[in-house]
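Student: Next come the chains, spelled out residue by residue.
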Amino acid sequence: MSEKRKYKKRYCKYCEAKVDFMDYKEVASLRFSLSERYKIMPRRLTGNCKRHQDMITVVIKRARAAALVPYTVSRKQVVTAPFENLK
Amino acid sequence: MRHYENLVIVKPTFTAEEIQASVKAVEEVITSNGGEIAATNAMGMRKLAYPIEKNERGYYYVIYYSVAPAAIAEIERRFRINEDLLRFITIKYDSNREVKAWNELVKKANKAPEAPKAEEAPATEAPVAEAQTEEAPKAEEATEAPATEAAAE
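For the protein sequence lines, the chains are A and B, in the order given. Residue 20 in my numbering sits at position 20 of the first sequence; the count goes up by one each step and never skips. Every position in the second sequence, counted from 1, becomes a number in my numbering once 1000 is added.
None of these hints come from the bench; they were simulated from the model. Just to be clear, a hint being listed does not mean it is correct.
To be verified - Straight-line C-alpha distance at most 25 Å; calculated SDA-like pairs for lysine to any residue: (1) A/Lys76 x B/Ile1089; (2) B/Lys1047 x B/Ile1089; (3) A/Lys76 x B/Glu1056; (4) B/Lys1107 x A/Lys50; (5) A/Lys50 x B/Lys1092.
Unchecked claim - Quick list of simulated restraints, FRET-style, between CB atoms: (6) A/Arg37 x B/Gly1034: 37 to 47 Å; (7) A/Ile40 x B/Ser1095: 15 to 25 Å; (8) B/Glu1053 x A/Ser35: 22 to 32 Å; (9) A/Glu16 x B/Asn1103: 21 to 31 Å; (10) B/Phe1014 x A/Lys61: 26 to 36 Å; (11) B/Asn1103 x A/Ile40: 25 to 35 Å; (12) A/Arg31 x B/Ala1112: 20 to 30 Å.
Everything numeric in this text was worked out from a predicted model, so none of it was measured. Note that CB positions come from ideal geometry on N, CA and C, so glycine has one too.
Please take these sequences and the hints and turn them into a complete structure.
Tutor: The following block contains the structure:
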């Protein structure tokens, strides 16, 4: 529930910023569409449009393969601020 | 000729010279297969999001190049044999939009002052190379997104 309330007004942030291409190496920009456990957030929660959701999905999967973003975070290997450590 | 990008992760156990040597070898593989390297970007030694072959860190190196599509299979085959690499990723830039982005990435990589290449192997904690390599053309939504998210919480 708490995750649902995070998003009030539904509009595509990427459309607003007129994003045409996403680079999988910019980890910080992927953070918006990732959950706390680094799952890809669904469109119904983020409000992303279909076009940008498709783009971000591909980009996140590339970043995962490149070990820039974790696939999952399990309870055993919790990192408090994973992106800070990555830098 | 088509535009490509290759990201390679070199083993962190190497010394700085060995890393440079293996990066050279990687570039050599591309050029020997008829590729033209447009730009390179050393992202430096950084922590991996998850261990690969029990390594916690890796040396990231990005190469932008254009090559005939048929040569990619051979390049990837050579990378797969190469034991210095923990991981490699080949990205194709095909559509007009992607080619435009590729050109911009190349321009950016060339404009950035030669990132400090010699990185002390495993011990260094905060690589200097990240500072200028991290932010890239479309960073606007990056800065905006986490802020709004934090505000809503």
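Student: Flag every earlier hint the structure violates by its number, smallest first.
Tutor: Hints 1, 4 not satisfied by this model.
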